[in-house]
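Enquirer: Single-letter residue listing:
2 protein chains.
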Amino acid sequence: MAKMKLYYSPSSPYARKVRILAIETKLDKKIEMVNAALTPVAPNADVDKHNPIGKIPALSVKGMDLFDSPVICEYLDTHHKGRKFFPRKGRERWVALRQQAMADGLLDAALLARYEGALRPEDKRWSDWSKGQMKKVDGVLDALEAESKALKGKLSIGTISIVCALGYLDFRFATLDWRGKRPKLAKWFSTISKMPSVKATVPPPA
Amino acid sequence: MAKMKLYYSPSSPYARKVRILAIETKLDKKIEMVNAALTPVAPNADVDKHNPIGKIPALSVKGMDLFDSPVICEYLDTHHKGRKFFPRKGRERWVALRQQAMADGLLDAALLARYEGALRPEDKRWSDWSKGQMKKVDGVLDALEAESKALKGKLSIGTISIVCALGYLDFRFATLDWRGKRPKLAKWFSTISKMPSVKATVPPPA
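Sequence lines, in order, name chains A and B. The numbering of the first sequence is the numbering used here, which starts it at 111 and goes up by one. The numbering of the second sequence is the numbering used here, which starts it at 111 and goes up by one.
If you're looking for bench data, these hints aren't it; they were derived computationally from the structure. There is no bait here: all hints are sound.
Note that the list lumps identical chains together, so a pair holds whenever it fits in one copy or between two copies.
Listed next, the in silico BS3-like pairs over lysine-lysine satisfying Cα-Cα at most 30 Å (straight line): (1) 172 <-> 291; (2) 172 <-> 194; (3) 259 <-> 113; (4) 264 <-> 291; (5) 259 <-> 245; (6) 262 <-> 139; (7) 245 <-> 172; (8) 199 <-> 294; (9) 136 <-> 113; (10) 294 <-> 172; (11) 262 <-> 115; (12) 199 <-> 172; (13) 241 <-> 159; (14) 245 <-> 159; (15) 309 <-> 136; (16) 259 <-> 172; (17) 172 <-> 115.
Quick caveat, the model's predicted, so the values are computed rather than measured.
Throw the hints in and build the complete structure from the sequences for me.
Expert: Set out below in structure tokens:
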């Protein structure tokens with residue numbers, strides 16, 4: 111397998127999914143990491159060349175550029191010989207893909223709230239928008255608490271995504287206290303945070 | 111297979127992906143359609159029950175609710191006996207998933223621009239944000255034109271997604287003239303728009 115290039119940033123929770131999976135599958139040695147900062151109003155020309163949507167992560171591999179994080183992760187998962195992080199079929203697969211969709215959906219909403227409160231000029235902020243996005247974040251957190259039994263067991267793309275989503279909340283929404291009403295989710299996150307691949311990819315100090 | 115319920119709206123381009131796939135796979139007869147309107151600032155309680163992110167489409171099936179559109183489409187594709195719209199493996203699969211990611215990425219950006227220009231109070235609009243999102247739309251359109259050869263052949267989840275993305279631009283950004291610099295993409299879209307499943311799911315008059 112030719113060397114792959116991953117466009118990422120240390121603070122991107124979507125890129126963190128790829129980085130954790132790469133470590134878990136030992137593909138990290140075959141990936142050259144390219145640190146690329148950007149925002150929706152300050153694109154990165156190098157990233158734009160590899161992803162027309164202008165987002166990270168993007169993976170450059172054998173004459174093809176792959177994105178977004180679910181596609182990159184599934185691609186990597188077909189290129190190693192160990193246990194699979196995308197269950198191949200049946201209920202297990204839908205549980206994992208649904209968990210990934212919940213975590214990514216939480217992140218999409220949290221990032222929009224973050225852009226609203228930190229990137230957008232103060233006089234153009236709309237509190238209804240931020241509230242609407244944070245309601246989505248809360249909804250996913252409640253669903254994850256209610257379904258915490260499904261978090262048990264070996265790491266999957268679903269639980270990797272959830273780790274990255276919760277880690278992002280600690281990183282950018284430190285005052286949110288998402289743990290307060292969700293003791294099971296909090297306990298699971300505390301345990302899984304000790305895994306070397308999770309520790310190695312913690313976002314830098316905010 | 112028990113009856114499934116699809117939460118959708120006639121104007122949602124993501125839900126349209128599911129509706130086209132359902133028609134193509136003849137699963138549409140097994141799906142009860144529930145019309146559910148919402149925006150990020152005006153959620154829909156019925157949808158929230160089935161998708162904690164509060165977005166459509168959501169598919170309720172056998173004690174499990176599935177989302178987002180890529181997960182629903184892949185699920186449906188495993189529940190019919192005809193030709194598969196998600197190529198099972200190899201380069202064909204990555205081409206299709208990458209096309210889907212491009213189309214969905216175009217849509218994510220176009221919807222944010224639409225919310226900015228139509229939903230947000232006028233005095234809180236930020237032109238840099240809209241420009242940044244429309245730059246993503248343009249980037250994907252240019253990439254699709256450059257890769258128009260990959261559009262040929264039988265319908266896949268990739269090309270279904272692209273049809274829905276381009277259809278959304280005609281629906282909500284009628285003055286954009288995306289065809290001007292992209293004759294190959296325009297020609298392909300014009301041909302594929304004659305397919306019965308595509309015709310049957312055209313958004314209502316804006």
